[in-house]
Amino acid sequence: MNESLLRELVPAVIGVLVRRGADFAAAEDAVQDALVEAVRVWPEGPPRDPKGWLVTVAWRKFLDAARADTSRRHREVRVETEPVPGPGEAVDDTLRLYFLCAHPSLTPASAVALTLRAVGGLTTRQIARAYLVPEATMAQRISRAKRTVSGVRFNEPGDVATVLRVLYLVFNEGYSGDVDLAAEAIRLTRQLAAKTKHEEVAGLLALMLLHHARRPARTGPDGRLVPLAEQDRGLWNTRLIAEGVDVLQAALARDRLGEFQAQAAIAALHADARTAEETDWVQIVEWYDELVRLTDNPVARLNRAVAVGEADGPRAGLAALAELDPALPRHTAAAAYLHQRDGDPVTAARLYAEAARSAPSLPERDHLTRQAARLNAQLRS
Amino acid sequence: MAKYLLLKHYRGAPASVNDVPMEQWTPEELSAHVQYMRDFAARLEGTGEFVDTQALSPEGTFVRYDGEGRPPVTDGPFAETKDLIAGWMVIDVETYERALELAGELSAAPGAGGKPIHEWLEVRPFLAEPPTVTE
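Those protein sequences? They're chains A and B, same order as listed.
Quick note on full-length UniProt numbering: the first sequence kicks off at 1 and runs consecutively.
Quick note on full-length UniProt numbering: the second sequence kicks off at 1 and runs consecutively.
Hints were generated in silico from the structure; no laboratory data involved.
Since this is a predicted model, take the numbers as computed values, not measurements.
The C-beta atom is built at its ideal place from N, Cα and C for all residues, glycine as well.
Please note: incorrect hints may appear among the correct ones.
Said to hold, decoys possible - Computed, partial: chain B to chain A, Cβ under 8 Å:
1. Glu94
2. Val133
3. Glu135
As the list claims (entries may be wrong) - Over 10 Å on every C-beta distance to chain B, these chain A residues come out as not near it, computed from the model:
4. Leu5
5. Pro108
6. Thr123
7. Ser150
8. Glu173
9. Ala182
10. His211
11. Gly220
12. Ala267
13. Val292
14. Leu328
15. Ala359
16. Glu364
17. Arg365
Stated by the list, open to error - Residues on chain A that point at chain B, a partial pick, calculated with CB under 7 Å:
18. Thr137
19. Arg141
20. Val299
21. Asn303
22. His331
23. Pro360
Okay, chain A solo, but in the shape it has when bound (with noise of 0.2 Å):
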């Protein structure tokens, strides 16, 4: 039995029981269950129907569970009085969950989880795995945050730029655990790409696929990291880049720019480059200024400054760095390695030095160490 196939089913069925009358967390919940079954008796007897089969699980395990709560607390069964939503909603079930995961009363951790569970089908062991946290503390999580968006109707319209944020810190959260978060992130794009036609969800599914598909580069057979430009290319994953490009292309066609597509570009940018030295800087700078214009993100100045050192010259890289707060996070990495393009050796290995004591993780950290160590060697011979 694939798993995924299975997991892709759980936003539809989610989207029945509710329609049906279930509310969302119990809905939730029944699905959870019905999966576990799933897992337990397809593999002796797989079902013609998996959706069907899910839905009547689900709503057997819904309504046992609701029976279950009225006899316990003698109240009535919501399922019989509340009106069912009429059928021929615009936006699909799956859609609507995607909004309610990510609703903007959920801090992002939260609405980090509950995605997870209710549209990626993952259960709070496997979430809880990949976030290093115990399974208590991330049941916990995920029940807190089915309590905030109980009180939001299933077809309230929702805003996709917070889906967004929501699926971009589950890519960036990288890898750790069974589950390979990355690849969950652009399975989760993927399939909402294919229920909308915004062209910022386009945007964040090339992004990502160009990011994805370096992977294999982006770390040493030692775990140390790899930087873009010591990377063998070809471990480059050629399909995951045309399609990524494909997929930009189409978005920037309808010329309704925003962030993820113009990052999108500069990574397509890096990845149309054969070797390191042929990278088009010129253009990575102008999307980069068109990134500073869009969000006015302070790293998307601090990588750009970086882009102009390679444009323009690392003195010019230098100047565009001096504007701005030395307090950013990776700054002084930034300085660091424009002063030794600048042949300046030992203001680099002292900054290498300096970045890697404040790096925010270990692969960071040993990364600058070893820069100014091999500076520092070169310097004593």
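For chain A, the structure is supplied; the task is to place chain B on it using the hints.
Leaving out everything else, chain B in the frame of chain A:
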């Protein structure tokens, strides 16, 4: 989310405001302290922010490699060690400000006289995974 270590020191941190050694507390004050710590951890589990909590024995041994085929050398415990870790709590929170807020609450655990200890806790961010999108 980001993980932070709330580090509790036996020695090495500035003195607490309510600085009375635990063996001078009443048994009820000790129970109230332990209960506060349990409740705090349970509450963080409820908010989805709890990762781990551990306490350490104050006495440890220093160990080092002593060459091929030789048993490791041990030394200590050193009574004069300046910095001594008592235990920790690991939290997973949205912001650095939230980490500070929780550390402040943990530092309010009751001690002698049932009053908050105002103990100094050290807040240290974990090194994370590098982001996927880098340029």
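Now for the hints, and whether the structure bears them out:
no.: 1; hint: Glu94; result: holds, 5 Å
no.: 2; hint: Val133; result: holds, 6 Å
no.: 3; hint: Glu135; result: holds, 6 Å
no.: 4; hint: Leu5; result: holds, 25 Å
no.: 5; hint: Pro108; result: violated, 7 Å
no.: 6; hint: Thr123; result: holds, 16 Å
no.: 7; hint: Ser150; result: holds, 16 Å
no.: 8; hint: Glu173; result: violated, 7 Å
no.: 9; hint: Ala182; result: violated, 6 Å
no.: 10; hint: His211; result: violated, 6 Å
no.: 11; hint: Gly220; result: holds, 13 Å
no.: 12; hint: Ala267; result: violated, 7 Å
no.: 13; hint: Val292; result: holds, 14 Å
no.: 14; hint: Leu328; result: holds, 15 Å
no.: 15; hint: Ala359; result: violated, 7 Å
no.: 16; hint: Glu364; result: violated, 5 Å
no.: 17; hint: Arg365; result: violated, 7 Å
no.: 18; hint: Thr137; result: holds, 5 Å
no.: 19; hint: Arg141; result: holds, 3 Å
no.: 20; hint: Val299; result: violated, 10 Å
no.: 21; hint: Asn303; result: holds, 6 Å
no.: 22; hint: His331; result: violated, 15 Å
no.: 23; hint: Pro360; result: holds, 6 Å
Of the numbered hints listed earlier, those contradicted by the structure are 5, 8, 9, 10, 12, 15, 16, 17, 20 and 22.
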